[in-house]
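**Student:** As they're listed, the protein sequences go chains D and B. Residue numbering for the first sequence follows the numbering used here, beginning at 65 and increasing consecutively. Residue numbering for the second sequence follows the numbering used here, beginning at 504 and increasing consecutively.
Because the hints were derived from the structure by calculation, they are not lab data. Given the structure is predicted, the values throughout are model-derived calculations rather than measurements. Take every hint as true, because none was put in to throw you off.
Straight-line alpha carbon distances no greater than 16 Å define the calculated EDC-like cross-link-like pairs of lysine to aspartate or glutamate that follow:
#: 1; chain 1: D; residue 1: Lys196; chain 2: D; residue 2: Asp230
#: 2; chain 1: D; residue 1: Lys332; chain 2: B; residue 2: Asp672
#: 3; chain 1: D; residue 1: Lys196; chain 2: D; residue 2: Glu173
#: 4; chain 1: D; residue 1: Lys171; chain 2: D; residue 2: Asp190
#: 5; chain 1: D; residue 1: Lys368; chain 2: B; residue 2: Asp600
#: 6; chain 1: D; residue 1: Lys232; chain 2: D; residue 2: Glu320
#: 7; chain 1: D; residue 1: Lys368; chain 2: B; residue 2: Asp604
#: 8; chain 1: D; residue 1: Lys236; chain 2: D; residue 2: Glu182
#: 9; chain 1: B; residue 1: Lys610; chain 2: D; residue 2: Asp349
#: 10; chain 1: D; residue 1: Lys255; chain 2: B; residue 2: Asp672
#: 11; chain 1: B; residue 1: Lys610; chain 2: D; residue 2: Glu347
#: 12; chain 1: D; residue 1: Lys185; chain 2: D; residue 2: Glu320
#: 13; chain 1: D; residue 1: Lys368; chain 2: B; residue 2: Asp611
Footprint (simulated), chain B over chain D, 3 or more residues, beta carbon under 8 Å:
#: 14; region: 151-162
#: 15; region: 343-355
Just so you know, even glycine gets a beta-carbon here, dropped at the ideal spot from N, CA and C.
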Amino acid sequence: MFIIRSNDIGQNSGISPSEITSQEVFQSRRRFLQGGAALAVGSGLGITSMLATQKVGHAAAKFSNLIKSPFNTDETQTPYKDVTTYNNFYEFGTSKASPAGMAKNFKAEPWAIAVTGEVEKPLTLDMEDILKRYTMEERIYRLRCVEAWSMVVPWVGFPLASLIRDLKPTSKAKYVAFRTLHDPKRMTGQKTSLFGSGLDWPYREGLRMDEAMNPLAILAVGLYGEVLPNQNGAPIRLVVPWKYGFKSIKSIVSIEFIEKQPETTWEKLAPKEYGFYANVNPEVDHPRWSQARERRLGEFRKRKTLMFNGYEEQVAGMYKGLDMKKFF
Amino acid sequence: MTNRQITFTKISVFFLALVPFSLLLLRAWNNELGANPIEAITDMTGIWTIRFLAITLAITPLRRLTGQVIFIRFRRMLGLFTFFYASLHFLTYVWLDQYFDWPFIVKDIAEHPYIIVGFTTFLILLGMAVTSPRFMVRKIGKNWKRLHRLIYPAAFLASLHFIWLVKSDIREPLLYFVLFTVLMLLRLPSVQQKTPLVSNWFRSVKI
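For reference, chain D alone in the conformation it holds in the complex (with noise of 0.2 Å):
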């Protein structure tokens, strides 16, 4: 079972540790192997394809055995420069270009996650047992931010769901919670000024129970085969695609589970703006700008932004009988 660091857990939960690559890959990830010229980008279009043909040195341990998801898109994936340095991560810098930089030196490990709230037992998950437990799949993600851009990403992760069985919620669990790290020495954003970023910290999000074990969701790992960069959100994340990137929470070190839906970061600065929901939906506009299209990082014309991401045949169930309008 994991390592528990504050209470005491059964020692069987019935659950076997599965068979994959992540010790290596945990391994590994002190050795920082010079993996840069292993880069798999994509044929991208337009101007940015031209982008990666740059030479990007990056070192990053490798997942290996990753299994297919279903859920998989064949769209052009995003290059691996443009996911990596077009980031919105306000932890470290509030510009796009930012976090590539200022999260250089950010070190993810070791890392511990708490759980706590509505469970059998709260414990403290280690990052080092999450990768040795789950089987990891790669999921390739259609990614549409709140600001009208969208990527591809090809992740490396496990569902939310099997973590939250494994933890054992108690009926009274009817969200989950989850906070990034607080840190401002690590996380340099953080610093606290006169007029500063405008989010206030450590960064939260939420799920309605039945979003989080809906099988799309999942916690992302790595991206690219490989560990995930410190700008997007090392060492583990949330990823529901189906939702605009501000609710897929990086760089976690809390879940809790609660009766209660949770106040959530961009919710409380602006709610007339940022709902908790925050399905993406092309008919239901930001106060301030279109969500009709979104800009594909590397495509020139603007494309049409569907309903829930193009996740709808997963995801529409969930949302039957809500007012979508009122409830964005």
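The hints should help you fit chain B onto chain D, whose structure is shown.
**Tutor:** Coordinates of chain B only, in the frame set by chain D:
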């Protein structure tokens, strides 16, 4: 300054004002505009419009503070460069960003305040640019000054446009808002009386 020196300085300022545009072209040519080049072009042309607005608005207070009338000779050119960058910004939106999807553009302008505000700013600058030639000044007469006072609301509309499009970090747009406010305050007669003579010193310097 002799006329020749003025001409030389004007030419220098002209090429200096083209530096941001040249850098933009250079970065585009070298594919250094990042993952979202259209957004980068939009941002760069927008920010330089605001910067040139500030530079243009600084001319009159600068003249007053220094007592050097010569500054006025550069005001029209700087104003036209403001319009130049605003046009690039507008063109980027209409062409690169929306790709001449007129029904969508009209809807976008009508429905979204920050675009209405940006578009209004552009129309003001357009009006000022077409009335900038000397013969137009003569033709319009006393209303010319009235028309060109629209640069004051234009500056505030431009910074409002900037504030409204930002998600949460309003530090940079706020900086320009404050700068414009200072430039306006320097025009108030009561303020001018209190800052009389930095110019005494400058007057003693012969430019």
